[in-house]
Amino acid sequence: MSDAHGHHYTSLGVDNRKLGMWLLIASECLLFGSLIGTYMIMRNKGLSGPTPQEVLDIPVTTISTFVLLMSSFSIVLALNAIQHGKIASFRRWILATALGGLIFLGFQTYEFTIFVHEGLGLSTNVFGTSFFMLTGTHGTHVAVGVIWLLSLYFASVRGRLTEDAALKVDTMALYWHFVDVIWIIIFTVVYLFVFV
Amino acid sequence: MSSEHAAAEHTHPGPKTYAKIAVILTLVTAIEVWVFYIEAMQPVLVPVLIVLSAVKFSLVAMYYMHLKFDHPIFNRWLIGGLALSFAVFIALLALFTFAHPIMRA
Chain C
1 MSDAHGHHYT SLGVDNRKLG MWLLIASECL LFGSLIGTYM IMRNKGLSGP TPQEVLDIPV
61 TTISTFVLLM SSFSIVLALN AIQHGKIASF RRWILATALG GLIFLGFQTY EFTIFVHEGL
121 GLSTNVFGTS FFMLTGTHGT HVAVGVIWLL SLYFASVRGR LTEDAALKVD TMALYWHFVD
181 VIWIIIFTVV YLFVFV
Chain P
1 MSSEHAAAEH THPGPKTYAK IAVILTLVTA IEVWVFYIEA MQPVLVPVLI VLSAVKFSLV
61 AMYYMHLKFD HPIFNRWLIG GLALSFAVFI ALLALFTFAH PIMRA
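Chain order of the listed sequences is C and P.
Taken in order, the first sequence gives residues 1 to 196; the numbers are from the numbering used here.
Taken in order, the second sequence gives residues 1 to 105; the numbers are from the numbering used here.
Hints in this document: simulated from the structure, not taken from any laboratory.
It is possible that part of the hints are untrue.
[Said to hold, decoys possible] The calculated lysine to aspartate or glutamate pairs, modelled on DMTMM-like cross-linking and capped at a C-alpha distance of 25 Å, are:
(1) P/K68 with C/E28
(2) C/K86 with C/E163
(3) P/K68 with C/D164
Bear in mind the structure is a predicted one, so any value in this text is a computation, not a measurement.
All chains should be built: construct the whole structure from the sequences, respecting the hints.
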């Protein structure tokens, strides 16, 4: 159903684009649930090293986790700004969020590089395969999010973010928060459960 | 802007609430890492860390994703997805921990 302005409502009275994002999030839960389950099973099944206990760096990952958490904070401020018509503030916070995502990806690249130097590759052992699949899939989601954030920023600069701007940012923010909550689980299961 | 979305914007919390949640998330993350390094906490490490990460997950979902304020259908989608995901997770663990002879070895 759509009205005279082209807005799309479901019979529940909610916008179908936002409902679609929640449907995507629900399906992504299954993807990450499978990857986390696979990692939990495989992490200590390797016939050769390196093992998780030898390579995982808790302090470095704590910093990158903090950065990602704060990027969730900055995107709600961006959403709040666009909802109140504060375009300059929206642009600052959306850029801060993209920067947070890029810093997180930088940490992940640094971590992957260290692991490869320590002899852990994608096909070294089942720990390496399941670890890189899980964190790499998450990192890909962060990279997609950063591209999406920057596209919203440039759309705003070029004056193309006008109709339904708040809804577009709200939908993007949902995706970004989902990436954040998945990392909350990964940080606990992969890094803090390392000696369990 | 849809009527639902406009109504939801008015019920969403403001920057002060968002900042409080950010502080709590930071503190809980710090506690998680602190607990990880405390020798005496090792016997209860898993349940404590599960509870702490569940607190962080819930805070982000309720306040930043606005599940506490938006239409309940979004809540149901997330809980449905998480329930299915948890079922797959348990099935995988059960299959490879108790049932598969190669993985048991």
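Violations among the numbered hints, reported as their numbers in ascending order: none
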